[in-house]
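J.: If you want the building blocks of each chain, they are given just below.
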Amino acid sequence: AQSVSQHNHHVILSEAASLELGCNYSYGGTVNLFWYVQYPGQHLQLLLKYFSGDPLVKGIKGFEAEFIKSKFSFNLRKPSVQWSDTAEYFCAVKSYNNNDMRFGAGTRLTVKP
Amino acid sequence: DTGVSQDPRHKITKRGQNVTFRCDPISEHNRLYWYRQTLGQGPEFLTYFQNEAQLEKSRLLSDRFSAERPKGSFSTLEIQRTEQGDSAMYLCASSLGSTGELFFGEGSRLTVL
Numbered sequence: 188a189q190s191v192s193q194h195n196h197h198v199i200l201s202e203a204a205s206l207e208l209g210c211n212y213s214y215g216g217t218v219n220l221f222w223y224v225q226y227p228g229q230h231l232q233l234l235l236k237y238f239s240g241d242p243l244v245k246g247i248k249g250f251e252a253e254f255i256k257s258k259f260s261f262n263l264r265k266p267s268v269q270w271s272d273t274a275e276y277f278c279a280v281k282s283y284n285n286n287d288m289r290f291g292a293g294t295r296l297t298v299k300p
Numbered sequence: 003d004t005g006v007s008q009d010p011r012h013k014i015t016k017r018g019q020n021v022t023f024r025c026d027p028i029s030e031h032n033r034l035y036w037y038r039q040t041l042g043q044g045p046e047f048l049t050y051f052q053n054e055a056q057l058e059k060s061r062l063l064s065d066r067f068s069a070e071r072p073k074g075s076f077s078t079l080e081i082q083r084t085e086q087g088d089s090a091m092y093l094c095a096s097s098l099g100s101t102g103e104l105f106f107g108e109g110s111r112l113t114v115l
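In the order they appear, the protein sequences are chains Y and P. Numbering of the first sequence is given in the working numbering, commencing with residue 188 and proceeding in unit increments. Numbering of the second sequence is given in the working numbering, commencing with residue 3 and proceeding in unit increments.
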């Protein structure tokens, strides 16, 4: 069965620090990969997605993620975080052959001003 | 607002009572999903509709849970004989086609006393 692992439960950074959030999945077939973000008091929204092609994908607000197939990873990065990036970040995987999207447990990011 | 809407936003009920949640997806979206999220966890897939057809159900969805989407527009999720373990946030999401990009509502929080 598919599973998604996010290694960090809570990350605390100062503004301007660089961010990398880990995501690994277990599934051998073709997958679509996503990062969703949930700002305090708001609903989940898409940050970026990977379907095919260039494994380095860019999303909104300066975020990017790199798909490394050999490592079954899809880590999220941002060179310089801002206080407004404080949120919970969820990695998600959808296999090409079925319809349920599996989410990781989430990483809570706190950015100190 | 033309996003996904859910009602009620918060429901408090006593154990053994039945509850029903409603989801109105984005109007042109043909796919509708229900997820459950508990504290410290990512969303867990419950079920999925394409138009009015319920195409997949998770093993998490016990026989006390039933979901419908009678006309391929709004959906309802009913939980019968609620248990304290049903306390969670119930999320609805919709998408257009099989792109996998889900648009989430703000959720319906269930508290079972």
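Treat the hints as calculated values from the structure; they're not laboratory data. Heads up, some of the hints might be wrong.
To be verified - Output of the computed footprint for chain Y on chain P, the stretches with three or more beta carbons under 8 Å from beta carbons of chain Y:
hint, region
1, 43-49
2, 53-62
3, 106-115
Unchecked claim - Cβ-Cβ distance ranges computed for the label pairs, FRET-style:
hint, chain 1, residue 1, chain 2, residue 2, range
4, Y, SER213, P, GLU80, 21 to 27 Å
5, Y, SER271, P, GLU30, 38 to 44 Å
6, Y, GLY240, P, GLY99, 15 to 21 Å
7, P, ASN20, Y, TRP270, 41 to 47 Å
If you're wondering where the values come from, they're calculated on a predicted model, not measured in any experiment. Glycine included, C-beta positions come from ideal geometry on N, C-alpha and C.
J.: Would you mind marking each hint as holding or not holding in the structure?
T.: Verification of the supplied hints:
1. 43-49: Three-residue rule met by the region 43-49 of chain P, so holds; n is 5.
2. 53-62: holds (count 3)
3. 106-115: Holds, because 4 residues of the region 106-115 of chain P bring their Cβ atoms closer than 8 Å to Cβ atoms of chain Y.
4. Y:SER213 <-> P:GLU80: 21 to 27 Å: violated, 33 Å
5. Y:SER271 <-> P:GLU30: 38 to 44 Å: violated, 31 Å
6. Y:GLY240 <-> P:GLY99: 15 to 21 Å: The hinted range 15 to 21 Å holds for Y:GLY240 and P:GLY99, with Cβ atoms some 19 Å apart.
7. P:ASN20 <-> Y:TRP270: 41 to 47 Å: Given about 44 Å between the Cβ atoms, the range holds.
Taken one by one, the earlier hints fail for this structure at numbers 4, 5, listed in ascending order.
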